[in-house]
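Asks: First to last, the sequence lines map onto chains A and B. Per my numbering, the first sequence starts with residue 1, numbered consecutively. Per my numbering, the second sequence starts with residue 1, numbered consecutively.
Possibly wrong hints are sitting among the right ones.
[To be verified] With a straight-line cut-off of 30 Å between C-alpha atoms, the simulated DSBU-like cross-links for lysine-lysine are:
no.: 1; chain 1: B; residue 1: Lys430; chain 2: B; residue 2: Lys335
no.: 2; chain 1: B; residue 1: Lys495; chain 2: B; residue 2: Lys518
no.: 3; chain 1: A; residue 1: Lys305; chain 2: B; residue 2: Lys127
no.: 4; chain 1: B; residue 1: Lys335; chain 2: A; residue 2: Lys444
no.: 5; chain 1: B; residue 1: Lys131; chain 2: A; residue 2: Lys444
no.: 6; chain 1: A; residue 1: Lys358; chain 2: A; residue 2: Lys459
no.: 7; chain 1: A; residue 1: Lys424; chain 2: B; residue 2: Lys495
Honestly, the hints are just simulated from the structure, not real lab data.
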Amino acid sequence: MASSLGAQAHAHGYGQAQAHGYGDARSARFFRNAGDLSPSSCRFRAAMATASASILASPAIPRSKPAASQISRLQTQLRKKEISAVEIVTEYLDRLREKEPDVKSFLHISSSALDEAAEIDGRLARGDDPGPLAGIPIAIKDNLCTQGMPSTGGSRILDGYRPPYDATAVKRLKESGAVLIGKTNLDEFGMGSSTESSAYQVTSNPWDLSRVPGGSSGGSAAAVAAGQCACALGSDTGGSIRQPASFCGVVGLKPTYGRVSRFGLMAYASSLDVVGCLGTSVDDVSLLLNAIAGHDPADATSSSKVVPNYLKALVPAKELPGNPLAGMKFGIIKETIGEGVEPAVAQVVKNAVVHLEKLGAVVQEVSLPTFSLGLPAYYVLAASEASSNLSRYDGIRYGPRVVADELNAMYGASRGQGFGAEVKRRILMGTYALSAGYYDAFYKRAQQVRTLIQQDFKKALEDGHILLSPVAPSPAFKIGEKVLDPLSMYLGDLMTVNVNMAGLPALSLPCGLIEDEGSKLPVGLQLIGNAFEEEELLRVGHIFEQTVPTW
Amino acid sequence: MAMAMAMAVGSCESIVLLYSQPRIPRSALQIRCSSSLASKQTSSSSKIPLALQDFEAVIGVETHVQLGTATKAFCGCLSQYGAQPNSNVCPVCMGLPGALPVLNERVVDFAIKLGLALNCDLSLRSKFDRKQYFYADLPKGYQISQFDIPIARHGSIEVDLPVEYGGGHRKFGITRVHIEEDAGKLVHAGGGGRLSGSPYSLVDLNRAGVPLLEIVSEPDMRTGIEAAEYAAEVARVVKCLGIGSGSMAEGSLRCDVNVSVRPRGQAAFGTKVEIKNMNSCAAMHRAIDFEILRQVALHKEGLESKIRTVTMRAKEGLADYRYFPEPDLLELVLKQEQVDSINEALPELPNETRRRYEALGLSMQDVLVLADDKNVSEYFDSTLEQGADMKMAANWIMGDITAYLKTEKLSISDVKISPSVLAELVTLIKDGTISGKIGKEILPELIRNGGTAKEVIEAKGLTQISDEAEIASLVDKVLLENPKQLEAFKKGKTKLQGFFEGQVMRSTNGRVNPILMKKIVAQKLGLS
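Based on the provided sequences and hints, a complete structural model is requested.
Replies: Structure follows, in structure tokens:
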């Protein structure tokens with residue numbers, strides 16, 4: 001039974017790896033359960049069995065066929081009564097607990113997941129339809145409010161905080177029958193690119209436990225990669241879904257700003273924050289987006305545009321025509337494949353471009369002249385909004401309070417002890433940028449840059465249907481490597497922040513592996529589309545995923 | 001007493017205090033303000049004309065109008081006064097992590113109404129901003145407000161000063177009107193509700209997020225009474241538009257006044273002092289006059305620099321609010337049709353009512369009383385529409401009806417006498433069917449129980465005696481019963497004619513037709 005569940009945990013050894021000669025002699029061993037319902041399903045367990053020193057560091061996972069949807073498979077099995085929701089959740093919970101001491105991706109594990117699964121089973125037995133995500137164990141980034149579980153945002157200042165309400169995205173998952181399995185680790189309030197800024201623990205990258213999973217949705221990405229959950233919600237302010245997805249070799253979608261309600265997402269930078277999805281396949285990410293997308297009367301910035309059925313855009317591999325991308329134009333952003341990008345990363349991305357061309361697409365280099373302005377402007381805007389959004393953490397209504405003789409001292413002590421270094425740094429920067437006399441030079445200027453970036457993207461997307469770039473200039477780096485060098489950490493967001501500045505949707509797709517100091521590490525390809533055209537990104541991403549050479 | 005005084009009138013020291021310390025609770029100050037200043041009224045106001053011979057005061061007012069919407073500005077909580085602490089709260093108005101504001105459309109409608117009523121230019125595109133400061137009653141650490149693009153600006157308001165202050169018509173500029181949210185309320189435990197000496201404070205967030213419109217005036221006022229009248233007119237407009245209760249006493253209309261004094265002929269403004277927390281127009285008037293005198297005295301002693309020095313300190317203490325556009329709310333876009341339809345539906349405004357009454361020929365005293373309250377003026381208008389004599393209707397409303405309302409603590413909408421019945425009553429008196437005295441007699445009955453004047457008159461047997469023969473016999477009886485007076489009359493004491501008339505009237509409890517009766521008395525006395 002268990003083996004038939006087979007989370008395709010880090011089943012993302014993509015074709016490029018083979019092209020690079022990373023073919024793994026151990027391949028044969030992974031197919032001893034080939035008779036299972038899903039041949040690919042055994043990989044995870046096999047990987048576990050082989051990983052000894054670093055439990056999950058077995059990156060060159062053989063790939064006999066393209067990534068398949070865990071959710072669809074589980075749904076089919078569930079509805080055929082081949083498996084129960086309780087069995088699904090038990091399987092994932094067991095694996096979650098098994099991996100957790102090494103990966104440390106969870107801040108809280110649900111104590112009611114099995115009860116919720118039993119309820120789903122009950123509903124199924126009564127002939128109810130619990131929804132398209134029935135019994136699917138989903139992890140939630142801890143900056144999303146969950147009524148039944150603590151929600152800390154990775155911050156001491158919300159230690160023990162239990163929200164009285166569910167974030168809209170969370171509520172919609174529950175309404176779709178999902179079982180929330182736990183809350184994942186993150187950089188405090190989403191501020192960071194390595195999850196090392198969490199006040200609670202450092203999460204490891206399942207591909208190499210000595211490395212970071214990326215951030216800020218590092219817990220979600222690592223949990224998906226380690227098979228601790230079927231898929232996960234994250235949030236993306238400057239790359240916080242895409243970069244960890246890239247580092248952990250999973251699929252990450254940052255939807256268009258306004259596509260998913262932010263209600264219940266602890267605000268970091270309100271004009272940039274987006275709730276999005278992480279999964280092991282484009283199908284799963286599409287299914288997740290189906291559940292959470294759409295207008296929310298509680299979020300004035302959420303769009304009332306009609307939500308398509310994202311799954312419908314996905315064409316099964318068997319039905320794809322010979323040149324499935326014929327007639328499509330892609331633009332690879334020139335500024336993202338030159339200086340500042342590790343050559344190996346650039347090479348993997350270039351290989352992906354070759355693959356797209358083989359599928360019939362025309363790929364041209366495009367230049368976004370304002371690209372380099374994005375990072376500094378982003379850090380001004382995000383820090384400014386953060387300085388304001390984090391004012392509410394004052395120790396008065398919730399969170400730990402340091403007792404002091406008078407109000408200002410209480411604020412100072414509570415916030416001084418409650419916030420970590422990176423958050424303090426951004427509050428200080430943002431407060432400075434918004435101060436009288438500096439506003440025009442910083443905030444206003446950054447907003448002007450933002451407008452230019454939006455215009456550049458608009459122009460570039462008129463010429464090409466989808467823009468391409470690496471997700472990050474490097475693969476996962478070592479834990480501790482950049483902790484003392486915040487600027488270098490910020491530079492890692494170079495490829496992703498502009499997309500948030502323009503509010504566009506972008507997909508982070510595993511496109512290959514590179515070797516770094518003996519570790520094989522995944523690299524992500526970023527596909528950027530027009531606003532509210534997630535459907536197109538997912539369609540193309542799915543074709544890419546289904547056709548990349550296996551090894 | 002001295003300290004309460006200083007805070008109430010905003011002396012220099014108190015300004016420093018207000019800015020450098022957490023804000024003083026409104027409720028606490030209101031109590032002091034109204035009681036402590038009462039005794040100062042006459043002394044301050046009477047010295048004003050002399051003080052202003054050589055000096056000129058410049059006064060501007062910032063008014064916060066609490067809107068009477070059913071729900072709060074950015075969430076669905078009830079916007080209700082006097083509920084149990086923290087009973088009208090939700091994640092949004094408590095500033096919980098992840099909560100987002102959503103604008104209440106009624107607030108926008110109300111803002112448009114006020115903007116139009118104050119003759120403002122409306123901004124078809126405006127936006128919200130965050131005004132940031134830390135305080136225990138401000139759950140998000142910022143207040144959602146409008147900074148550089150308010151919903152309305154460049155308006156004006158017209159007032160008529162009370163006759164007892166010399167009267168006069170004034171027009172004051174309105175700089176801007178903008179939408180914002182109220183903060184919560186702090187209750188200081190112990191210490192008699194004061195901050196100092198209180199061991200701890202309790203936070204009540206029922207008021208947090210209640211919608212406000214802030215009206216900023218131009219510094220166009222020159223005396224306390226002008227500023228007080230300005231505030232009163234704003235309150236009248238608010239009530240007339242039905243957008244709020246406009247009550248200073250309840251704190252639903254709050255004025256902060258900036259006062260400065262300069263020598264006459266000087267173009268530059270003097271140094272201003274802000275006065276806060278006044279709970280009535282009268283208190284505003286007194287506080288401003290007191291402050292004017294205080295500043296004039298400082299000028300005369302050559303100590304105007306003292307004002308300046310202290311105020312600069314206050315300025316240093318001023319928070320930098322770090323305004324920036326509220327990213328959680330969209331730009332506020334008004335449609336011209338929306339504005340037009342609200343404009344068409346605007347009621348007659350207090351100033352328009354006053355001009356209309358003035359044109360009718362009413363005295364300014366009457367105009368001011370009748371137009372002071374929309375309900376009263378509407379009542380008066382209906383009474384006139386029912387054919388009542390204008391002056392008589394005005395007198396009845398301002399006199400007996402108002403007196404009754406005052407003693408019974410009622411409002412005109414509570415009375416059972418309809419305008420048509422008042423018109424009937426007035427007409428009955430005017431055409432001599434009943435005397436004014438009987439009118440006064442039956443009024444309480446009509447106010448309490450309703451019914452028509454005729455019904456009450458008949459039920460009480462109060463119809464007028466108009467039969468000449470009957471009157472003649474009544475007169476005869478009176479003359480017979482008062483032989484001494486009749487003798488005196490005959491000897492030339494003609495004033496006694498009135499005595500006989502009075503006696504006849506009394507003998508009928510005022511039911512006798514006075515004109516006929518007077519005629520017959522004269523006849524019987526051999527005068528005609």
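Asks: All hints, please: hold or fail.
Replies: Cross-check of the supplied hints:
no., hint, result
1, B:Lys430 to B:Lys335, "violated (52 Å)"
2, B:Lys495 to B:Lys518, "holds (13 Å)"
3, A:Lys305 to B:Lys127, "holds (23 Å)"
4, B:Lys335 to A:Lys444, "holds (28 Å)"
5, B:Lys131 to A:Lys444, "holds (16 Å)"
6, A:Lys358 to A:Lys459, "holds (26 Å)"
7, A:Lys424 to B:Lys495, "violated (96 Å)"
Comparing the model with each numbered hint stated earlier shows that hints 1 and 7 do not hold.
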